[in-house]
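A.B. asks: Listed here are the chains, written in short residue letters.
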Amino acid sequence: MITWEFIIGHLNYWFFIVLMMTGLYIVIAKGNLVKKVVGLNIFQTSVFMFYISIGKVIGGTAPIFPVDMKINNDVVYSNPLPHVLILTAIVVGIATTSLALALIVRIREEYGTIEEDEIFIIEQELDFSNTRSNTDKPIGHF
Amino acid sequence: MKHHLILRVITKLLVGPIILFAFYVQFHGDYSPGGGFQAGVIMAVGIIIYGIVFDMEHAKKVLPPWFVHKMLAFGVLLYTFTGVISFFRGQNFLDYSALSPHSAIHGQHYGILIIELGVGITVSGVMIAIYYAFGSRTSEINDAEW
Amino acid sequence: MLFCLLILTAFATVKAHGLFGVVMLSGVFSLLSALLLITLDAVDVAFTEAAVGAGISIVLMLSTLTLTSRREKKSKNSNLIPLVIVTLTGLVLIYGTLDMPNFGAADTPSQMHVAREYIKRTPEDIHIPNIVTAILGSYRGYDTLGETAVIFTAGIGVLLILGRLSLRPRRRTKKIEKVL
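Chains as they are written, first to last, in the numbering used here: chain A, 37 to 178; chain B, 2 to 147; chain C, 85 to 264.
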């Protein structure tokens, strides 16, 4: 089962998995919020490439007919369906990225930092002072 | 940015062809790679590069923010309206053959043209609106720290 | 060759500390992936990825950087647990791909049924050369409507979050200064 042909045939899938794991590592391990968003972008892009590499046919061509529509029946086309799905996914990807960046700008304005551990400390202290002040007066904070 | 002469000259040369290329990609989406999304992004890039190199106030005079906000909604409405119009002819939602009574293929062509236009308008409006929103925030870091 | 450049760029993004460099590396990554997508016969997707990833994405991230900081703080936590998690997930995914067909085979299930129907029926039904636009606009037009609604919602969301000019003083920062 483990022949040379098998390895060559699957090498590109494994390669894209390595890229995906690099992006995931950036999201998990790094504390800076902007770097996390960049890592998420790397992860998304490598997932797209993985998905499109499933649809490729060796010896095929891009799924566009000639302009005068004289269709040659011997030409093999690559699968157009993953292209359509990934086109939608790219647009959704920028939507999420722009919303994430807007939230990062607001976090910086409120807390003064974009490092994850500093934000955690500030949130803990705010919660602590809120519970302490709640015992004094029954109205909530602010 | 007043003293970057090369940038200003190149931008003046480039903005026109960029917007023209955006229109080309939009309307040739049927014949070559392209379509609504790509055209919307390229058009937004043309306006954004003008807004970066020259002042953003000048870009806001060309496309004022209230116009961009109306563009956002207009694209989605155009798309939905194309789908709803086929209700009046007795077909299903988004069935383009109802758009042209004498030939189903012409109906498909009209339908694809109009919805790509709607998508292009919305995407370019969103990108420009996001750029305006990011750019109107006053920055708390002064230039020396940068 | 492109594969090696992509992996180099990804590893450089992990190591880099200046955020300006990180943003530029993400732009380079998008450009290289657009080149790779062209060799995979996906011209529409490469066009969109190059325009979006190397254009709009860089502009937005640089705008964010001018409104936030420019360097990343050195992290003091150990990197062992994330490495272990990432390696385990990678091994599980590789185990999942062992069943997949070889790269570029023409007789796989994904190539046979629906795709062949679309390629065969586009000249008869719609008669335009670009099959991807035909599927996006006509056969799967409802999905494109949903996607336009998604990008519209993202625009509205950003306008709501960042719509007004920055006001000062802030109530929360006053409270933080009282706490710290």
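Incorrect hints may have been included.
[To be verified] Distance condition first, Cα-Cα at most 30 Å in a straight line; then the derived DSSO-like pairs of lysine-lysine: (1) LYS13(B) / LYS71(B); (2) LYS99(C) / LYS157(C); (3) LYS72(A) / LYS99(C); (4) LYS72(A) / LYS204(C).
[Unchecked claim] Simulated restraints on C-beta separations: (5) VAL198(C) / THR39(A): 47 to 57 Å; (6) PRO18(B) / LEU86(C): 27 to 37 Å; (7) LEU8(B) / MET184(C): 42 to 52 Å; (8) LEU172(C) / LEU8(B): 47 to 57 Å; (9) PHE87(C) / SER104(B): 46 to 56 Å; (10) HIS59(B) / MET108(C): 48 to 58 Å; (11) THR150(C) / TRP40(A): 50 to 60 Å; (12) CYS88(C) / SER104(B): 26 to 36 Å; (13) SER162(C) / PHE28(B): 52 to 62 Å; (14) CYS88(C) / THR97(A): 20 to 30 Å; (15) SER162(C) / PRO18(B): 27 to 37 Å; (16) SER104(B) / TYR226(C): 20 to 30 Å.
In short, the hints are calculated from the structure, not lab data. We treat Cβ as the ideally placed atom computed from N, Cα and C, and that holds for glycine.
A.B. asks: Now tell me if each hint is right for this structure.
C.D. replies: Against the structure, the hints come out as follows:
1. Between LYS13(B) and LYS71(B), the direct Cα distance comes to roughly 27 Å. Compliance with the 30 Å bound is thereby established for this hinted pair.
2. For the hint pairing LYS99(C) with LYS157(C), the CA-to-CA distance comes to about 12 Å; that is within 30 Å, so the pair holds.
3. The hinted pair formed by LYS72(A) and LYS99(C) meets the criterion: a straight-line CA distance of about 13 Å does not exceed 30 Å.
4. A hinted pair counts as satisfied when its Cα atoms are at most 30 Å apart, and LYS72(A) with LYS204(C) does not qualify at roughly 44 Å.
5. Restraint check, VAL198(C) to THR39(A): a C-beta distance of roughly 31 Å breaks the suggested window 47 to 57 Å.
6. About 29 Å separates the C-beta atoms of PRO18(B) and LEU86(C), a value consistent with the hinted range of 27 to 37 Å.
7. Checked against the hint of 42 to 52 Å, the pair LEU8(B) and MET184(C) passes, with Cβ atoms roughly 49 Å apart.
8. The beta-carbon spacing between LEU172(C) and LEU8(B), approximately 49 Å, falls within the hinted interval of 47 to 57 Å.
9. Against the hinted window of 46 to 56 Å, the Cβ-Cβ separation of PHE87(C) and SER104(B) comes to about 48 Å, which satisfies the hint.
10. The given range of 48 to 58 Å is broken by HIS59(B) and MET108(C), whose C-beta atoms sit roughly 27 Å from each other.
11. In this structure the supplied range 50 to 60 Å holds for THR150(C) paired with TRP40(A), their Cβ-Cβ distance being about 52 Å.
12. Between CYS88(C) and SER104(B) the C-beta distance comes to about 52 Å, which lies outside the given range of 26 to 36 Å.
13. Distance hint for SER162(C) and PHE28(B): a CB-CB separation of about 56 Å, consistent with the stated range 52 to 62 Å.
14. For the hinted restraint 20 to 30 Å between CYS88(C) and THR97(A), the CB-CB distance of approximately 26 Å keeps it satisfied.
15. Restraint check, SER162(C) to PRO18(B): a C-beta distance of roughly 52 Å breaks the suggested window 27 to 37 Å.
16. Between SER104(B) and TYR226(C) the C-beta distance comes to about 23 Å, which sits within the given range of 20 to 30 Å.
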